[in-house]
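Protein chains in written order, with numbering that gives the first Met the number 0: chain A, 0 to 111; chain B, 0 to 313.
In case anyone wonders, no lab produced these hints; they're calculated from the structure. Check the hints yourself; a few may be wrong.
Listing some non-contacts, in silico: residues in chain B with all C-beta distances to chain A over 10 Å [stated by the list, open to error]:
no. : residue
1   : Lys68
2   : Glu69
3   : Glu131
4   : Trp212
5   : Gln247
Derived CB-CB ranges, DEER-like [to be verified]:
no. : chain 1 : residue 1 : chain 2 : residue 2 : range
6   : B       : Glu273    : A       : Glu42     : 16 to 24 Å
7   : A       : Val109    : B       : Pro217    : 22 to 30 Å
8   : A       : Glu42     : B       : Arg234    : 13 to 21 Å
Below 30 Å or equal to it, Euclidean Cα-Cα: the simulated DSS-like pairs (lysine-lysine) are [said to hold, decoys possible]:
no. : chain 1 : residue 1 : chain 2 : residue 2
9   : B       : Lys106    : B       : Lys195
10  : B       : Lys53     : B       : Lys175
11  : B       : Lys195    : B       : Lys251
12  : B       : Lys68     : B       : Lys53
13  : A       : Lys57     : A       : Lys8
14  : A       : Lys57     : B       : Lys195
15  : B       : Lys53     : B       : Lys67
16  : B       : Lys106    : B       : Lys67
17  : A       : Lys37     : B       : Lys233
18  : B       : Lys53     : A       : Lys37
19  : B       : Lys233    : B       : Lys53
20  : A       : Lys57     : B       : Lys106
21  : B       : Lys53     : A       : Lys57
22  : B       : Lys148    : B       : Lys106
23  : B       : Lys195    : B       : Lys233
24  : A       : Lys90     : A       : Lys8
25  : B       : Lys233    : B       : Lys175
26  : B       : Lys53     : B       : Lys106
27  : B       : Lys106    : B       : Lys68
28  : B       : Lys233    : A       : Lys57
29  : A       : Lys37     : A       : Lys8
30  : B       : Lys53     : B       : Lys195
31  : B       : Lys175    : B       : Lys148
32  : B       : Lys175    : A       : Lys37
33  : B       : Lys233    : A       : Lys90
34  : B       : Lys67     : A       : Lys37
35  : B       : Lys233    : B       : Lys106
Since the model is a prediction, treat every value here as computed from it, not as a measurement. Heads up, the beta-carbon is just placed ideally off N, CA and C, and yes, glycines get one too.
Below are the chains, spelled out letter by letter.
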Amino acid sequence: MTTILRLPKLLTGLALIATLLTVTPALLAQNAAVVSIKHFMFEPMSLTVHPGTNVTWKNFDGEPHLVVSADGLFRSPALDQGDTFSYRFNKPGTYSIFCSIHPNMRATIVVR
Amino acid sequence: MSSDSSDPLLNPSRRHALKCLAFGGGTLFVLSGGVLTPFSLHASETDSLKTSGKPLFVQITDSHIGFKKEANPDVAGTLRRTIDLVNAMPARPSMAIHTGDITHLSKPEEFDLAGQLLSGLQIPELHTVPGEHDVTDGTGTEYFRRYGKNSDNRGYYSFDHSGVHFVALVNVMQFKPNGLGNLGDEQIEWLERDLKGRPSSMPIVVFTHMPLWTIYAPWGWGTGDSGAALSYLKRFGSVTVLNGHIHQIVSKVEGNITFHTARSTAYPQPAAGEGEGPGPLTVPRDRLASMLGMTRVDIVAHPQRTVLHDTALA
């Protein structure tokens with residue numbers, strides 16, 4: 000008898016947790032984004048984020064890479080395998096990124 | 000009377016006299032057995048110069064001190080072996096050039112170790128240019144602190160050595176969206192001024208890190224604005240362009256210009272397009288030494304030109 004009565008409460012609790020799980024990542028995505036550096040490429044090659052987003056680059060290649068903004072706004076140290084670098088984009092605009100050791104590796108970050 | 004003593008070529012004192020005359024070149028008419036025979040004294044001297052030449056300098060490149068991954072866990076060791084190879088040469092030249100990527104990540108300790116190893120070269124003169132791995136901080140602070148003096152920290156410079164004009168260029172510090180090497184207008188204008196008025200018979204050697212001609216654009220193997228630079232070099236009778244960066248030998252001759260890249264002393268890279276990118280290529284351990292090495296450049300007379308000899312570690 001008591002088990003059947005508890006079920007609605009359990010379902011509500013589960014529903015609440017499920018909602019939080021779906022909403023929270025979306026909230027995080029507004030403030031942070033990750034770019035992977037893999038196989039001599041930035042993945043994704045084009046990323047759109049809101050102003051105030053902290054973008055983190057992570058190098059998965061055995062070869063070191065650097066993350067450099069073409070307009071001179073920022074420059075990472077040389078990133079070995081596993082190293083990361085972050086930059087918070089506060090101003091809207093289109094930012095061109097490249098690797099200064101392999102300058103044919105290009106990417107764009109659109110902030111709007 | 001034996002026929003030997005009448006033959007001037009077999010008579011020792013006459014042979015000595017003939018040898019002395021040979022330095023001026025030309026033709027000597029010899030009276031031998033009553034017959035006047037033309038004897039070219041010039042031939043043997045120039046033949047030996049034509050075939051072997053005189054060692055002018057060695058090129059070492061892409062030592063990547065600081066690299067410690069699978070392709071070569073001991074780049075200091077292979078640089079040492081390359082230096083030993085140079086030191087063991089029976090006729091050692093008096094000059095060496097390093098065409099860049101001395102270090103792997105521009106770190107002070109990497110430059111320290113590289114400098115230590117390079118000082119083991121039994122060659123009095125060493126000239127360098129930076130690779131993109133040497134200037135990862137953007138301004139090349141560590142590179143210029145150690146190697147910037149002879150160019151007032153500009154990175155590009157020229158000098159004469161044994162009658163050859165050497166030009167050092169930098170193409171790794173002003174990358175454009177095309178992803179290729181870039182010289183920049185200031186350096187190109189300097190090059191035009193530097194070459195102006197020099198006799199076209201003077202051999203020119205140009206050295207810079209990234210290839211000055213397009214080998215494979217998708218991997219950045221080329222220099223976007225080298226066209227103007229090459230146009231200033233076209234009028235010279237002998238131009239040798241030496242580069243590194245691609246960790247393998249690729250060569251091209253265009254008119255009087257010979258383009259040549261050298262093997263790395265650290266690790267090989269895949270051939271153009273054969274892989275996901277221009278990174279270290281891991282080969283079976285017993286094959287590595289055959290893919291590393293250096294280049295010796297000899298100067299040959301008549302006509303004056305360079306001859307390149309690539310030597311592998313094994």
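State the violated hints by number, sorted upward, taking the hints as numbered earlier in the document. 1, 2, 3, 8, 9, 10, 12, 13, 14, 15, 17, 18, 21, 24, 26, 28, 29, 33, 35
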